Every structure is written in C-alpha cells, then in structure tokens.
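Visitor: Listed below are the residues making up each chain.
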Amino acid sequence: MNLLAEPLIQRMLIVGLLVGMAAPVMGTYLVQRRMALLGDGIGHVALAGVAAGWLAGAAFDLARQDALAIPGAVVFAIIGAVVIERMRSRGTAADIVMAILFYGGIASGVLLIGLAGGSNANLLGYLFGSISTVTWGDVWMSAGLAALILVVGLGLRAALFTVTHDQEFARSTGLPVDALNMVVAVLAAVTITVAMRVVGVLLVSALMIVPVAIAQLLTRSFARTMHVAMGLGAALTLTGIWITVFQDIQPGSLIVVIGVVVYVVVALITSLLKGSRR
Amino acid sequence: MSDPSLHADVPPSLVEARDVRVSLQGTEILHGVSLRASAGEVVALMGGNGSGKSTFVRGIVGAVPIASGAIDLFGSPAAPLTRARLGYVPQRITAAGGVSATAIEVVTSGLLGARETAGRTGSRLRGLVPPHDARARARAALASMGVEDLAKRDVSRLSGGQQQRVLIARALVREPRLLILDEPMAGVDLQSQVAFAHTLGHLKEDGVGILVVLHELGALARHIDRAVVLEQGCVTYDGVPPKDLGVHALPGHDHEHPHTDPPVREGGSLGLEGP
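These protein sequence lines map, in sequence, to chains A and B.
The UniProt record's numbering puts the first sequence at residues 1 to 278.
The UniProt record's numbering puts the second sequence at residues 1 to 275.
Mixed in with the good hints there might be a few duds.
[Stated by the list, open to error] Derived lysine to any residue pairs resembling SDA-like cross-links, with alpha carbons at most 20 Å apart:
#1 Lys274(A) <-> Asp238(B)
#2 Lys152(B) <-> Arg139(B)
#3 Lys274(A) <-> Tyr263(A)
#4 Lys204(B) <-> Arg85(B)
#5 Lys204(B) <-> Glu41(B)
#6 Lys152(B) <-> Thr219(A)
#7 Lys152(B) <-> Ala223(A)
#8 Lys274(A) <-> Lys152(B)
#9 Lys152(B) <-> Arg220(A)
#10 Lys274(A) <-> Leu218(A)
Keep in mind the hints are simulated off the structure, nothing from the lab.
These figures come from a predicted structure and were not determined experimentally.
With these hints in hand, go ahead and build the complete structure from the sequences.
Guide: As structure tokens, this is what we get:
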C-alpha cells in the first residue's frame, strides 16, 4: 500500500509544504516589527471575506457554493491589511479601531455564512482548516500565491529587513519605505488566506509565528532565523498532516500543538545549555 | 540669504535648510529654522529637551515631512535620490527589532537605498538589493569603528556603546559626504565616546560635513566648528561654540547638574590611552 500515491494525500502534502515554508517568511517580518498578532486580526477580517464569497456564490448560483470563498478572503484580507498599515503609518491610535475591525470581521463572517446557507461544518472548516477537501485547483492557487510570497519575501529580504528594523534610518537612505511597508502588509494578507486552508482562521497566525519563535531560540542572525523557521514550518506542517492520515484529528490544531511542544522543549534545552555553560 | 553670489568665498553647502517649519499632530514644532553646513565643517545642534533638535534632523533626512521652507542636500532640493551620500545615525532607543539580527546584518542594511553610481535612472530599484561587495564593505565599516569582532553578535545583546558604534558603522558604510547624528553620546561609555571623537576628527579631515545633535559638547568639543542652539523651535544662537564660556553657558542649557565629565585637556586627550 503506497499512501503517497493517493492523490488526496499528495495534494494535502503539497499544500502543507508550500504553506509551511511561506508562512514563517512573512511571520519573521511581523515579529521583527513586533506585530506578531496582526495575522490573527487579518484572519478575522478574512472570514468576513469568506462569507462574502459564499453569499456571492449563492447569488450567482455557482455549482460549488464556496468557489468564491478564498478569492473573497484574499480581497478582504488585503483591504484589511492596507487599512491597518495606513493607520499604523499615520500613527493614529489604531488599537481600538483594529479591535472593532477584527471583531466586526469575525462576527459578520459567522453571521453571513449562516445567512448564505452554510452549515456549522462549513464554518468549522474555515475556523480550523479543511485541508482534506483541497482540490487540484486549490493546489495550483496555493502554489502560485506561495511562490509570490517566497519570491518577494526572500528576494527583497535586505530591503524589508531595513524597513522593519529601523524605519527612520530606512527613510534617510532613500528607500521607498511606504511602498515596502505596503508589500509586507499585502503579502501578510495573502499568506493568511493561503494558510487558512491548512490551519483555519483561528490558528493562522500560529503557523506564521511559532516556527519563528522556535528559530529565534536557535540562531542570532535575521537571515538564518528566517531560513530555519521556513524549514521548521515545513517540517511541522508535513508531520501534522502525515499523522492525520492515520488518525482522525484536525490537522490545524495538531500542527500548532506540535509546534508549541517543540518550542517548549527547545526553550528548556537551550536554557539548560546556557546554564551549564555559566 | 541663499543667493550663491553672496557666498563667493564660502565652500558649497552640503545641507542648507531655509525657514523650515514642521508640524507634528497639528502642533507646530519648528517655526522657521535655517541652518547650513559645509564640507569639512562640524556643526553642533544644541538645545534643551523639546527644543526641536531631533525633529529638525528628522526633517532633513526625510523621516518627518516639512510643512514649509526648503531643504537642499548637496546643492539639490532634498529627495530620496539625493540621500545617496547621506549617513544618518538616529537617536538610539534600541538597535534591536523583534527578531535578533547580527551587527553585520545591521551594517549591511546601510548599503541599501539611493546609491551614487554612474547613471541615475533605475537606481531606486537597484537600491532594493545590497551591492555584491556588501559584506566586505560592512566589515570594513565595523573595523573603522573598532568593533569588527562583534560582526556576528546579536546587536540586542551588545552594550549601549557597542550598539552605538554599530549604528555609526551603518551610517559610515554609505561613505557619506554628510553625516547627521542625533545624540550619539547618550548612554555611551567614555571609551566609545573617545573612539568616536577620534573617528569624527578623521572624517572632518576627509572633508565630510557633520551635523551632530548634542546635549553637551563633551568629548567632541575640540572638533566642533559651530554651535547652533534651538529653543522652542527657533534658532537662538548660531556661532562659535562657547568653549571659553563652558558648555553650560549656552542659552539652550536648561538645567544644572554636577560636573562629572572628565575635563577635556588641550590637545584633546582624555587620559584614557596608555596601559
């Protein structure tokens, strides 16, 4: 019996690998900017996009009612990210406005999916991931978006590092700071919608942040943190998905729990090693 | 005042600010500040807390928008591409972001942005990636500040003085013709202050213009050609640094404290050299 020959398992592993590698790239920039929880907020807004896509699908009588769900999520997440970025760059008291945006996103998302005739099972799929339902179309879309994230996120690493590390200095060099900030915001939104399929809206941020948190314990350099986090992200997602082939568990929650356990173990080992060196 | 014919015997200015006004969140911070610095000139920008010193230099480097007035860099109106030979050392709050970064990564980031190369078109796009010899140049800049051994260390774990030297190296790696520093001596150990004073002397000899925000002239005193004092967003003094009167005689000095700084002897030695 060769499980790897199963098309569904192939699709799950391909999407898992792409998302596992791409999510920590943008996660590194968010952690660098001390906005680790931004992914959570954009995920909430993306859920409203999923619901809007559902409603549109129902209105146009599409064969697959959720065909427009992911495109809807991409559009809403990008709009949400751009709004948040503009508020951040203007230095407005963004905290309360962001909270309203996030809660409004998730509440209207849940409400609209219900109105569009979605079941609780559909809703759970978006909240906690539904990788076992990926089609080849989903794989191609995820591959395209993941490639975009990797090419831009890695290709512009030096410039994005400069801007997220010290914005004031970056401006003094003549770098296009506002445009680069927008690149980070939009790519973070794209990452969230791609990762949503694997771990769901509620855990999407974890896939971006947890591998970076583990990598931080192991290395001092920004570039290496990003590379190690990519490797860890891929390893965590593939491990989680592979286990769910044999056990009927939610892959999203499993991936995140494994990640958190790895973080705790690595943190204990590194602090013990540091202690013994003293 | 900006008519070049009036300055026939004055070297061309590296930075010239005319009647600069800056407002932040609806409050005018600078009420028409003018300042000029030439090649090989070291200008100290002084004044009490809240006088607008930092806002002014942030306006010059493009970190805050100016409401009115004009800023020329190297003879052209300030714009992103004119900042190719500008080195800036912001006020050091911390040299670290949320992810650890090595000193060499931080210094390499100084090689991005506008670069002075033949043919200006497209240089903004090219500035998005570091040049091929970035690492070697970053190492050389760290060496010039005496901290090449820290290249692979996490900047957030360095002392205040070491972090400041790394940030100065990040500005120097751009091979600046104009160096702008915002309170480079704040929270910096005496040894780093002396090392920086030494570097400053060399840069000045090489014709680099330097604008430095200072609270005290301190270890840099002997290199300073001119002091400009800001008070509540206006220039109240522009002339020779008040060496003879003592640092605390400046009109912008708004507080008193015991003199713990070591005396700067003639010749500049702080008595730190030697075994």
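Visitor: Each hint needs a verdict: does it hold in this structure or not?
Guide: Each hint tested on the structure:
no., hint, result
1, Lys274(A) <-> Asp238(B), "violated, 54 Å"
2, Lys152(B) <-> Arg139(B), "holds, 10 Å"
3, Lys274(A) <-> Tyr263(A), "holds, 16 Å"
4, Lys204(B) <-> Arg85(B), "holds, 15 Å"
5, Lys204(B) <-> Glu41(B), "holds, 7 Å"
6, Lys152(B) <-> Thr219(A), "holds, 11 Å"
7, Lys152(B) <-> Ala223(A), "holds, 12 Å"
8, Lys274(A) <-> Lys152(B), "holds, 18 Å"
9, Lys152(B) <-> Arg220(A), "holds, 8 Å"
10, Lys274(A) <-> Leu218(A), "holds, 12 Å"
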